[in-house]
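Could you build the full structure based on these sequences and the hints that come with them?
There are 2 protein chains.
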Amino acid sequence: MQSFKHKLKTPFLATDGIIKIYTKEEKLKGIVLIQRKNPPLGFALPGGFVDVGEKVEEALKREMKEEVNLEVSIEKLLGVYSDPKRDKRFHCVSCVYICKAYDDPIAADDAKSAHIYSLNEIPFDKLTFDHEEIIKDFLKDEGL
Amino acid sequence: MQSFKHKLKTPFLATDGIIKIYTKEEKLKGIVLIQRKNPPLGFALPGGFVDVGEKVEEALKREMKEEVNLEVSIEKLLGVYSDPKRDKRFHCVSCVYICKAYDDPIAADDAKSAHIYSLNEIPFDKLTFDHEEIIKDFLKDEGL
Numbered sequence: 001m002q003s004f005k006h007k008l009k010t011p012f013l014a015t016d017g018i019i020k021i022y023t024k025e026e027k028l029k030g031i032v033l034i035q036r037k038n039p040p041l042g043f044a045l046p047g048g049f050v051d052v053g054e055k056v057e058e059a060l061k062r063e064m065k066e067e068v069n070l071e072v073s074i075e076k077l078l079g080v081y082s083d084p085k086r087d088k089r090f091h092c093v094s095c096v097y098i099c100k101a102y103d104d105p106i107a108a109d110d111a112k113s114a115h116i117y118s119l120n121e122i123p124f125d126k127l128t129f130d131h132e133e134i135i136k137d138f139l140k141d142e143g144l
Numbered sequence: 001m002q003s004f005k006h007k008l009k010t011p012f013l014a015t016d017g018i019i020k021i022y023t024k025e026e027k028l029k030g031i032v033l034i035q036r037k038n039p040p041l042g043f044a045l046p047g048g049f050v051d052v053g054e055k056v057e058e059a060l061k062r063e064m065k066e067e068v069n070l071e072v073s074i075e076k077l078l079g080v081y082s083d084p085k086r087d088k089r090f091h092c093v094s095c096v097y098i099c100k101a102y103d104d105p106i107a108a109d110d111a112k113s114a115h116i117y118s119l120n121e122i123p124f125d126k127l128t129f130d131h132e133e134i135i136k137d138f139l140k141d142e143g144l
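Protein chains in written order, with full-length UniProt numbering: chain X, 1 to 144; chain W, 1 to 144.
Because the hints were derived from the structure by calculation, they are not lab data.
Hints are supplied without guarantee of correctness; some may be wrong.
Intra- or inter-copy, both count: the list cannot distinguish identical chains.
PhoX-like mimics (lysine-lysine), calculated; alpha carbons at most 25 Å apart, straight line [what the hints assert, rightly or not]:
{"#": "1", "residue 1": "Lys55", "residue 2": "Lys9"}
{"#": "2", "residue 1": "Lys55", "residue 2": "Lys140"}
{"#": "3", "residue 1": "Lys65", "residue 2": "Lys29"}
{"#": "4", "residue 1": "Lys9", "residue 2": "Lys88"}
{"#": "5", "residue 1": "Lys65", "residue 2": "Lys9"}
{"#": "6", "residue 1": "Lys55", "residue 2": "Lys76"}
{"#": "7", "residue 1": "Lys76", "residue 2": "Lys88"}
{"#": "8", "residue 1": "Lys65", "residue 2": "Lys27"}
{"#": "9", "residue 1": "Lys65", "residue 2": "Lys37"}
{"#": "10", "residue 1": "Lys20", "residue 2": "Lys61"}
{"#": "11", "residue 1": "Lys85", "residue 2": "Lys9"}
{"#": "12", "residue 1": "Lys136", "residue 2": "Lys76"}
Structure, rendered in structure tokens:
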């Protein structure tokens with residue numbers, strides 16, 4: 001079995017979160033975007049790689065905690081984004097989840113800064129990877 | 001960048017299809033299950049690994065053609081299944097799609113046989129991996 005495993009090459013697996021930030025009165029303030037510390041630079045959804053031995057949903061919650069210090073609850077899977085050209089470094093497939101939190105993000109790890117953007121203030125022209133496409137899919141999913 | 005890539009370990013990425021087979025009159029006959037030729041033995045949804053450089057949806061269509069000789073159209077993503085214990089061989093994450101076809105399956109590749117099972121005749125106790133959970137999620141999604 002080991003030899004079979006070693007013959008396989010597989011894309012890298014990542015997960016990104018569209019974190020909807022709500023007030024205590026359940027009013028939507030916006031979603032979280034980070035400014036990346038490491039290349040590729042630019043604005044992006046918070047996210048990261050899935051570890052071996054970790055469920056994708058666990059990886060998402062870990063990354064949201066590590067990168068923007070938020071405890072999120074997952075609402076739904078938005079989609080799987082797998083275009084080999086979506087990440088210029090290597091083939092990386094991302095499972096994107098819509099999730100929810102109530103606090104303000106605090107940047108750490110890969111994030112130089114992290115802020116809440118209302119849905120009509122998304123800086124689409126500054127987004128890296130395929131995050132413009134992902135956020136447009138999210139807005140469509142929200143009926144916007 | 002290369003050194004960063006080499007430090008990463010990542011789960012294997014696979015894709016499985018719930019192929020709904022319809023008559024020309026658009027009547028649902030059932031879904032396709034295979035009997036596996038290789039371990040783990042048992043009944044399973046058709047599926048396989050995603051290659052580097054290939055979109056997950058392309059991998060799905062390729063695998064459905066290779067394993068059960070069907071040209072499928074994708075209806076929707078059902079879910080991402082990533083429990084590290086779902087495959088006893090290694091950590092393997094599967095993106096599962098609901099799809100549609102009109103012909104009869106013909107077994108090849110990893111499949112010893114392939115048949116259409118009506119939705120009330122699924123052999124749940126003979127399914128391998130977490131395909132029992134996946135098919136139950138599918139039935140729920142169909143409102144059954």
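Worksheet item: Any of the earlier hints contradicted here, and which numbers?
Response: 7
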